[in-house]
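Protein chains in written order, with our numbering: chain A, 3 to 312; chain B, 180 to 476.
In short, the hints are calculated from the structure, not lab data.
Note that the Cβ used here is the ideal one computed from N, Cα and C, for glycine as well.
Some clues are possibly wrong.
Stated by the list, open to error - Chain A residues, not near chain B, derived (Cβ > 10 Å throughout):
{"no.": "1", "residue": "R26"}
{"no.": "2", "residue": "L112"}
{"no.": "3", "residue": "S120"}
{"no.": "4", "residue": "G138"}
{"no.": "5", "residue": "G161"}
{"no.": "6", "residue": "D171"}
{"no.": "7", "residue": "P225"}
{"no.": "8", "residue": "S261"}
As the list claims (entries may be wrong) - To be clear about the criterion: a stretch of chain B counts as covered by chain A if any three or more of its residues have a C-beta under 8 Å from a C-beta of chain A, and this derived list gives those stretches:
{"no.": "9", "region": "247-259"}
{"no.": "10", "region": "317-324"}
{"no.": "11", "region": "449-463"}
Stated by the list, open to error - Take a look, some chain B residues computed to stay more than 10 Å from chain A by CB distance:
{"no.": "12", "residue": "F244"}
{"no.": "13", "residue": "G266"}
{"no.": "14", "residue": "V277"}
{"no.": "15", "residue": "G289"}
{"no.": "16", "residue": "F290"}
{"no.": "17", "residue": "D331"}
{"no.": "18", "residue": "A365"}
{"no.": "19", "residue": "N402"}
{"no.": "20", "residue": "T409"}
{"no.": "21", "residue": "K415"}
{"no.": "22", "residue": "G435"}
{"no.": "23", "residue": "S436"}
{"no.": "24", "residue": "S437"}
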Amino acid sequence: MTATAVGSPTRTRSQRAGRATRRRQNWGWVFIAPFAVLFLVFFAAPLIYAGVLSTWAPSVLLGDRFVGLDNYVRAFTDPAFLEGLGRVALFVLVMIPLQMVVAIAAALVLDSLTTRLSRFSRLAMFVPYSIPAVIGVLMWGFLYSPSFGPAAQLANLVGLPSPDLLSADAIFGSLTNIVTWQWAGYYMVIVYAALQSINPEIYEAAVLDGATRRQIALRIKLPMVSSSIVLILVFAIIGTLQFFTEPQVMSNVAPSAVSPSYTPNLYAYNTAFQYGDFNYASALSFALAIVVFAGSYLFMYLTRKRSGLQ
Amino acid sequence: MSVATRSSRSSVRWAERARPGSHAFLVILALYFLFPFYWLIVASTKTLSGLFDGSAGPLWFDDTFALFDNLAQLFTYKGGVFWNWIGNSFFYAFTAGVVGTAICVAAGYGFAKYRFAGRRIAFALLLGAVMVPMTALVIPTFVMLRGVELTDTPWAVILPSMLNPFGVYLMRVFAQDAIPDELLEAARMDGSGELRAFVQVGVPLLRPGIVTVLLLSIVSTWNNYFLPLTVLTSTKLLPVTVGLQQWQTQSRSATGSSDIVWNLVTVGSLVSIIPLVIAFLALQRYWRGGLSIGAVR
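Chain A with its partners taken away, still in its complex shape (with noise of 0.2 Å):
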């Protein structure tokens, strides 16, 4: 394009430095050439293996044989785990405005502030990202633990029992609690740095014309950032929809709250190695990832005026 656009002074010359600058364009794919070959090796190819796997079922007498949709039919109809998509969808809905409401809230005031206080606090809030989720589980069990954390102990101060944060009941509260502390911050820095790039000038017009802090918060800032905010949206509902490791490792601390079957990829993983049927795991894996894919995909479409990805 750009061949053409300097205008040669002679047609030959143009067509020749137009067919270079093409030959030139195609080295596009050499530069994407390994990534491409790690796409198809542990992308492609898994997905279309997972795909395949999915269509077989084993059996003890014949070996395993071809079943076609059967494992999806199965799938859509096995109580377990449409009760585990209905409870990340649930996640989904209650944890993740949980989260955008800490991390903006935090992101319009750390953005109104430059004192020390505000940076050592965007920080703190910041630092639970960069550890393993194992780790915050932990953490966080030992906390939740009714015999020796500190719950109890605060409860027993006002004459209350122990709360059992690891019950049942609790468990989903408890989740949310864990995954907030753990992503709230990553998510504000994303809103944070989105509001540093505004041009304050913008700010003394709007104080010229009368506004006050909470209107130029919500009237002005919300809607310059809307961009990174459906950004984080996507991540945290493809990050809800796969819940695994928090729930995995919880599952080992409160094994009579957390079921196998208790979000959809672990009970994809339970099928796998605790049950042995990889066929039925590959169904599950392959159906959540289309629930997940048409999920964001479909939240994309809706809110592609504001996304910034294109």
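Chain B: place on chain A using the hints.
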């Protein structure tokens, strides 16, 4: 860009009035997010029995200060396997991080600076891959790796961890803004080939983006749990995340008292997060700059 616009910030002094509500909010945030770390530091100094019935409860130091005993035990327990785990975590994270980032940089540059045939489809596939949950690939990847007898080897963790579609996306966005076409043209006029133009012009301009993608991919491999849990079985090959989780499970279902190692779970957790926390605090300007790449367009 985000720094430059802030230089005129001093003119918005009106925002800097003492605001007790905002400051109280920030104090509560800091306390909440740091609380588990405080607990972990305190717990690491306790003996096994002190963890359960310490003289001052779970939130204060015990009479006996056992941090160094715990560390010594961590060195020797089961032949010092904890330090194997730490070494493995470093090895997996850095190998996958460095090679994976190099692949992302090249691919992002290719997408940003060349209009090759099939580019649109390839990029659409890439964005699709960002949307597909990586954990949905873990079980199929395991079955595939088992087919070629690569399970229970370091490769089973390192090779799949190199795949980072989001890193490619970040590098593409970054390369588009950071490398002017004119500079590449000039390099070509001087007789540079495409590879030399990439190495001598492209890579230096991409450096901040490279550091960010490197940081993010090292951290995500270090923190990964599902993949190593699935593909590794030998205790010696585990990364520290899976190893500590096994000690936790072992302590919970222990039959003999020598298997109960809660004190090693806590002190091991503390030791394993120190390098990450330090890396994050020391390199914060990189992750902050980098995280905004994807968000600000």
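Quick rundown of the hints versus the structure:
Once the 10 Å rule is applied to beta carbons, R26 (chain A) is inconsistent with being away from chain B; the minimum gap is 7 Å. Residue placement check: L112 (chain A) does not keep its beta carbon more than 10 Å from all beta carbons of chain B (closest about 7 Å). Distance check for S120 (chain A) against chain B: the nearest CB is about 6 Å away, which does not clear 10 Å, and the non-interface claim fails. With a least beta-carbon separation of about 7 Å from chain B, G138 (chain A) fails to lie farther than 10 Å from that chain, contradicting its non-interface assignment.
At roughly 16 Å from the closest C-beta of chain B, the C-beta of G161 (chain A) stays outside 10 Å, upholding its exclusion from the interface. Chain B leaves D171 (chain A) outside its interface by the beta-carbon criterion, the shortest separation being 21 Å against a cut-off of 10 Å. The Cβ of P225 (chain A) lies farther than 10 Å from every Cβ of chain B, with a closest approach of about 14 Å, so its non-interface assignment holds. With a least CB separation of 17 Å from chain B, S261 (chain A) remains clear of the 10 Å interface cut-off, as annotated.
With 0 residues having a Cβ less than 8 Å from any Cβ of chain A, the region 247-259 of chain B misses the three-residue criterion, and the hint is violated. Residue count for the region 317-324 of chain B with a Cβ under 8 Å from a Cβ of chain A: 7. That meets the three needed, and the coverage hint holds. Coverage of the region 449-463 of chain B by chain A holds in this model, with 8 residues showing a Cβ closer than 8 Å to a Cβ of that chain against a need of three. No beta-carbon of chain A comes within 10 Å of the beta-carbon of F244 (chain B); the shortest separation is about 19 Å.
For G266 (chain B), the non-interface assignment is confirmed: its Cβ lies about 16 Å from the closest Cβ of chain A, beyond the 10 Å cut-off. Distance check on V277 (chain B): its Cβ is at least 13 Å (rounded) from any Cβ of chain A, clearing the 10 Å threshold; non-interface status holds. At the 10 Å boundary, the C-beta of G289 (chain B) falls inside the reach of chain A, the nearest C-beta of that chain being 3 Å off. With a least beta-carbon separation of about 7 Å from chain A, F290 (chain B) fails to lie farther than 10 Å from that chain, contradicting its non-interface assignment.
Non-interface call for D331 (chain B) relative to chain A: holds, since the shortest CB-CB distance, roughly 14 Å, exceeds 10 Å. Separation of A365 (chain B) from chain A is adequate, the least Cβ-Cβ distance of about 12 Å exceeding the 10 Å criterion. Distance check for N402 (chain B) against chain A: the nearest CB is about 4 Å away, which does not clear 10 Å, and the non-interface claim fails. Not every C-beta of chain A lies more than 10 Å from that of T409 (chain B), the closest at about 7 Å, which undercuts listing it as non-interface.
With a cut of 10 Å on Cβ distances, K415 (chain B) stays outside the contact zone with chain A, its closest approach being about 19 Å. At roughly 19 Å from the closest C-beta of chain A, the C-beta of G435 (chain B) stays outside 10 Å, upholding its exclusion from the interface. Against the 10 Å criterion, S436 (chain B) stays outside the reach of chain A, whose nearest CB is about 17 Å from its own CB. For S437 (chain B), the non-interface assignment is confirmed: its Cβ lies about 20 Å from the closest Cβ of chain A, beyond the 10 Å cut-off.
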